[in-house]
Amino acid sequence: MKYTSQSVAKPYFIFALVLLAGEILFGLLMGIQYIWGDFLFPLIPFNVLRMVHTNLLIVLLLFGFMGATYYLIPEEAERELWSPKLAIITFWVFAAAGVATILGYLFVPYAQLTEITFNELLPTMGREFLEQPLPTKVGIVLVVVSYIVNTAMTVLKGRRTVITTVLLTGLFGLAAFFLIAFYVPDNLIADKFFWWFTVHLWVEATWELILGAILAFVLIKVTGVDREHIDKWLYLIIAMTMVSGILGTGHHFFYMGAPEYWLWIGSISSAVEPLPFFLMILFAFSMSRERKIQHENEVALTWAKATAVIAFLGAGVWGFMHTLAPVNMFTHGTQLTAAHGHLSFYGAYVMIIFTMISYAMPILRGRPHGNCVKAQNRELLAMKLMNFGMIGLTLALTAAGITQILDQRVGTELLGFMESQATIENIYLVRLGFGVMVFTGLILYFTSFFVKEEN
Amino acid sequence: MTERITKSMAKNIYYGGGMFALLIFLALSFDTVQQIPERSNEVNMTASVVAGKKIWEKNDCVGCHTLIGEGAYYAPELMNVFNRRGGSDVATFKAYMQGWMAAQPLNEPNRRKMPQFNLSEEEVNQLSDFLIWTSKVNANEWPPTIEG
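Just so you know, the sequences run in chain order A and B. Taking the numbering used here, the leading residue of the first sequence gets 1, the next gets one more, and so forth. Taking the numbering used here, the leading residue of the second sequence gets 1, the next gets one more, and so forth.
None of these hints come from the bench; they were simulated from the model. Since this is a predicted model, take the numbers as computed values, not measurements. Please note that the accuracy of each hint is not assured.
Stated by the list, open to error - Simulated pairs of lysine-lysine, DSS-like, Cα-Cα distance not exceeding 30 Å:
| hint | chain 1 | residue 1 | chain 2 | residue 2 |
| --- | --- | --- | --- | --- |
| 1 | B | K7 | A | K2 |
| 2 | A | K292 | B | K94 |
| 3 | B | K7 | A | K157 |
| 4 | B | K11 | A | K157 |
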């Protein structure tokens, strides 16, 4: 590690991984409740399990992004972090707020939670993914502001690179679009419309900048390819992201009360959305082929390449599958959306954090050449288990979605929702099995941290 | 293919293309906001409908159901529940809703369960008004069938 302040990244990485374990665990509980409705009911109803599952994902990704930023910014800016102390305080505040929120979800009925957290002052709760009580939402804003100030001050006082500029742009976008979460119109349609400004423009625009910047950083480090060359690729990828992703928001406006022109705008723009992910594959693989150094942390490069591939499958292929308006007419609101959501979040965002951790964590633990071969092999096996598990459960959810469409939406003898779900039960069982595989992979991954160094 | 593109070209596509897309997006969004009141029949959005939306949010209904295709996929779509369960008749639907909400959770082993929310009669009526209003939104002919 070149700068001592980089070490603040460590607690962020560890906590992100702990939250990931929690996220997957709650995913498994949901998978069980999907099949056996009495499981955990009325102790934890489905909506609470889901809130915990999705909110843990969002928070773990923010922790991962922050850890990645605090690790890479000093090296890029060629100076110590502006305030390591602020970064540590932010960590504890965010961790405490996150844990308190999850406990609130689990132990207080949601309606009561809205009352004791002053939701009436400014009602923002009860919307998908943005279920957080008002104090938590305000807390997220404060944490993100502190994160941006720390990053921006470090960059301003040090060397500016394309990576830091792109990363900062992504962070500003993340903060700006989150503020829209505080605006909840009484009209449901207007509410839905603005809700997507936060949700879509995070996931399919600003976060992709953060993803691109982290990927570029790791590739520079493990391949030794000339920075100019990497920068060009990074610009090209994020250019395609912006051109397709911003207007691609339109694919959410097909069938929710927005005007007809979005059918065209959304279909055309989002048909281009796989392109930046395809470029990411070309990027990772050609940088790997042209590498100037043989970094001993081989598994970090494997993670980087796998991130590009799985992100392309999840975000690109599974996104395109249902993004054209005439197709979306039938797929909207089915398990196909869940299939796409699972593989894209995992491939693009969870995996980039694994990539960064795989590269940075050994260095933070005093192993500049990466972990020993035995540990790397175990990490690789864990990666494979998690990847196959995620692809398997995505395929299962896809089959579930198609069955749902055939049952409820095509032909004359239609089944109702609950009857259709009953016909899908076996597929949900397969999904659960693959979920267990992902969890097993994660546990195996955790054990790779405890493999003893050989020399 | 990438050899012919220089770093500054890529940079210009990013800034130029990004700004261009953002401007179009903002212009269309502005237009959409103008059109939403008519497409959603905002004139019929009574105080009861708004109160119903707040009940919907307060109980996190979207954590299990979809509404106009958005939400969780654990329980049925509710945009057209007014047509499906109420036969598009206000009195029928409201009576159905009172009975349905009071009967939860159903005593059927291993069926997915809906919690008992202990809503008052007035609150159930407001929730019904909200769902009736939602069923009339112009969502470009979605959902494709009565089963949602």
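Right, here's what the structure says about each hint:
Of the supplied pair hints, the one linking K7/B and K2/A holds, its CA atoms being roughly 28 Å apart against a limit of 30 Å. Distance hint between K292/A and K94/B is unfulfilled; the C-alpha atoms sit about 71 Å from each other, more than 30 Å. Restraint check: the Cα-Cα separation between K7/B and K157/A comes to about 25 Å, which is no more than 30 Å; the hinted pair holds. Restraint check: the Cα-Cα separation between K11/B and K157/A comes to about 23 Å, which is no more than 30 Å; the hinted pair holds.
Of the numbered hints listed earlier, the single one contradicted by the structure is hint 2.
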